[in-house]
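Protein chains in written order, with the numbering used here: chain P, 697 to 1193; chain H, 697 to 1193.
Among the hints, a few may not be true.
A pair holds if it fits inside one copy or across any two, identical chains being indistinguishable in the list.
[Said to hold, decoys possible] For lysine-lysine, the following DSSO-like pairs were computed, each having C-alpha atoms within a straight-line distance of at most 27 Å:
| hint | residue 1 | residue 2 |
| --- | --- | --- |
| 1 | K709 | K793 |
| 2 | K923 | K903 |
| 3 | K801 | K704 |
| 4 | K709 | K730 |
It is worth saying that the hints were derived from the structure and are not from the lab.
2 protein chains.
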Amino acid sequence: MELFDQFKAIQKKQKAFALVLGIASWDSNTEAPKDCFPYRSEMLSIISGESFSIGTSDTYKEVVNGLMERLDELDDMHQKEIKKAKKNLDKIAKIPKEEYIEYSKLVNMAQRVWEDAKEQDDYELFKPYLQKIIQAKKKQVAYRGDTDNPYNVLLDDFEEGMDMEQYDAFFDTIKKDLVPFVKEILDQKTNRDETFITTMYPKAKQKEFVEYLMNVFNYNFDRGLLKESVHPFTWNTHSKDVRFTVRYLENYVFSSIFAGIHELGHAIYEQQVDESLDMTNLKSGASMGMHESQSRFYENIIGRSKVFWEVHYDHLKTLFPKQLNDVDIEMFYEGINRVEESMTRVEADELTYPLHILIRYEIERMIFNDNIDLDTLPDIWNQKMREYLNIEPKTDAEGILQDVHWSGGMFGYFPTYALGSAYAAQIYYTMINDIDFEALIKDNNIEKINQWLQEKIHRFGSSKKPREILKDVTGEDFNPKYYVRFLKEKYSEIYLK
Amino acid sequence: MELFDQFKAIQKKQKAFALVLGIASWDSNTEAPKDCFPYRSEMLSIISGESFSIGTSDTYKEVVNGLMERLDELDDMHQKEIKKAKKNLDKIAKIPKEEYIEYSKLVNMAQRVWEDAKEQDDYELFKPYLQKIIQAKKKQVAYRGDTDNPYNVLLDDFEEGMDMEQYDAFFDTIKKDLVPFVKEILDQKTNRDETFITTMYPKAKQKEFVEYLMNVFNYNFDRGLLKESVHPFTWNTHSKDVRFTVRYLENYVFSSIFAGIHELGHAIYEQQVDESLDMTNLKSGASMGMHESQSRFYENIIGRSKVFWEVHYDHLKTLFPKQLNDVDIEMFYEGINRVEESMTRVEADELTYPLHILIRYEIERMIFNDNIDLDTLPDIWNQKMREYLNIEPKTDAEGILQDVHWSGGMFGYFPTYALGSAYAAQIYYTMINDIDFEALIKDNNIEKINQWLQEKIHRFGSSKKPREILKDVTGEDFNPKYYVRFLKEKYSEIYLK
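Isolated chain P (complex conformation) (with noise of 0.2 Å):
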């Protein structure tokens, strides 16, 4: 059909500029010097727009919409291809181009304040653009048509299917059955040394590790690399351009380790979409939901299991032998799972980690759906925190102002990284029954296990939504008790024995 080669055509071009745009990106994000940039944002805001022009022209939504109107037409992954332009197409068709460049330019002044603002421990500071942030993405929501819930607009956004009520009852349960849990495990101090976890570990030593667990992931050199920058991320272009980051705390090993872990299950799903699909908008991971799922899956479920350091412990230690020399298996794996009263989200252990997740949700919440005065939010924020994780914050800089997500503008993200969790418990009760997970780790081959997943899921890239996946992968559609059950058992056993 002549209409989709015209729609397929002006996708290219689309994909070409995000390919640049992309790069550009990667660059910035890991080395590109200190002065560079206000010449450099300058430009790619001209291209940022050149490409906001080709994916809003008439042409491109005559195309998309006639299309629409012959989706019977068209094959079934063609039709997926159609429905998802239309969708990201009603998102921005809208909004007006110098209003788009605008907000680019918002979010990255932003980004920068809100830098200095946690830098000076000054929410006063940052205000002002969180405001309007806010604004102009409550402008954006109702562009769409949809305003009675904007909050639901922008959780469909980052994981289609997704609404408050499902959400609601997610957090419910994680309120329910996990926040007295967590606290019970908070009562049990023990005595344990865990000295060794803030011992200095040598940064080059510590990147010969993570390249070890490169291999034994069988991440593919051949498509992509592994860099250094402040905030590890996987990044990604196709299937065979997937390059991720770590940063290495000469005092903190568990960070390059378990951070390396986590965007090697990024970049492991990335690696493993089927490459047909490199050029189609078909070609990333599900959701960010479905995302998260995968590199929790790798850091937790694998990577801070015990069965995978009865194999790995002993190549760690020929690394550190003197920072690990009296440090067992055992201490070893407890320190890996230790839990504690928990500041800041990004340190957060693997138990606690959903409750700052639930505060974020609860404020969001708030801000789209309530209309909270700003001021008092860091209030709420400390209260929350208090509540939930037996802790107070004594500065914004490690209360409200600690993570980045808002400056960029991007609300309703932060409720995937629970939901991912979640997923991954649940896909995991399903893969148990049908290989042998410990069995295949104790035998270094998680190969075998990335198959199954790639058979699974990763092929897929795109091609079907998050719960599809989930409901074909487990039998049952989201179901968050087998997170809690999963986190429970866990813990239980390490520290209620």
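Guided by the hints, dock chain H onto chain P, whose structure is given.
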């Protein structure tokens, strides 16, 4: 003037495209993973095509031609911008877009074929591509309407104001004055112990020394970075983002040291261009020859001088105490200025280097103006090597196939390498009349030499033509006698004393 504003708006868009293509190219040349290239090439050809369309659109042509008619209404700097834009426009205006894209694909492919051909020592493999590229270059020249002497057009593209007549005169001087001198030097067989040159120098320590050199030469770390790549190069998008690479050969430490200083010369030039030019088409160095003059000045005139090592040799020794234990500064100085029959240009010493260029110049002239049969090239190459350098390649890989340039269509580029060294010498003899060159190096005050070069050369970017700069700096037009004088003085002192 509204027309000029229109010009600036289009130019800004072109610069934005140049930026993202530049970043992509940096990534491709330093770290992009092997498997990403098919997708990447296809996508980048779309972005190049977009950029080409903007730079050859009817609107842009009308704007530039309109401004050419009203030049006298513009100030001097704006006139220069328009003239340069007009010149660049005329180079590509008549090439059909499809042909332009085809040509980009051809050279992309040819570079890969050249790599294989070199590796397999198979000139026949590369020949058909060489043939196609030469035909395409001739066609491109013909589009510009000047076909009497196509090589002159290419020479002028790389070095404005130079033509065969002038290069013939330059290379005649080299042939007449330098070739006999080189043979005299090559006949001086020395019994020097030079094993330290090819001893093992660990990579990490080499890197440390290159970073030390970056400080010595006052490289601005906020405006760039050092990285590693197979072929060293300097890369810049504007004066505030100027990066360079070296490679570390563990059995040849001179490679990272002198390629490092060489690239530092290119980089400091770009970092010192007046930042008011960043937003114009005059932002970068004046020409290939002038650029090479600066890299050669830093590498050879400063970096291979005895006085430089009198200051810095001790530091090198602290990094490599074992390797340099028995090497006094005299031996080291002679080592870094060793003259020998070398097969390949990139490994040639300062003295024999221009003879390698002479060979390439004579062959390019035959290709473009004498329609020479490509089958005969390997033999011609080898004969000339024997004639000028007393040495004959045994394979095409170390002969005609050694350089990448022709596979990228860069005919007319080579001569600027020798020209740059000659410019450098001419500038040097002016500089030493003006400032105390040796004393500044002894005081480790290269900053002052940088300032002199910035004031006289760097800050102008390409707002002055290379020959204009040379005349303003040295008080005379290009004169190769300084180059010959410099080499004879230096190498007589080392070899014939």
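Going down the list of hints, with the structure as the test:
no.	hint	verdict
1	K709 to K793	both (18 Å within a copy, 16 Å between copies)
2	K923 to K903	both (10 Å within a copy, 18 Å between copies)
3	K801 to K704	between (30 Å within a copy, 21 Å between copies)
4	K709 to K730	between (31 Å within a copy, 23 Å between copies)
Against the hints set out earlier in the document, no violation occurs for any number.
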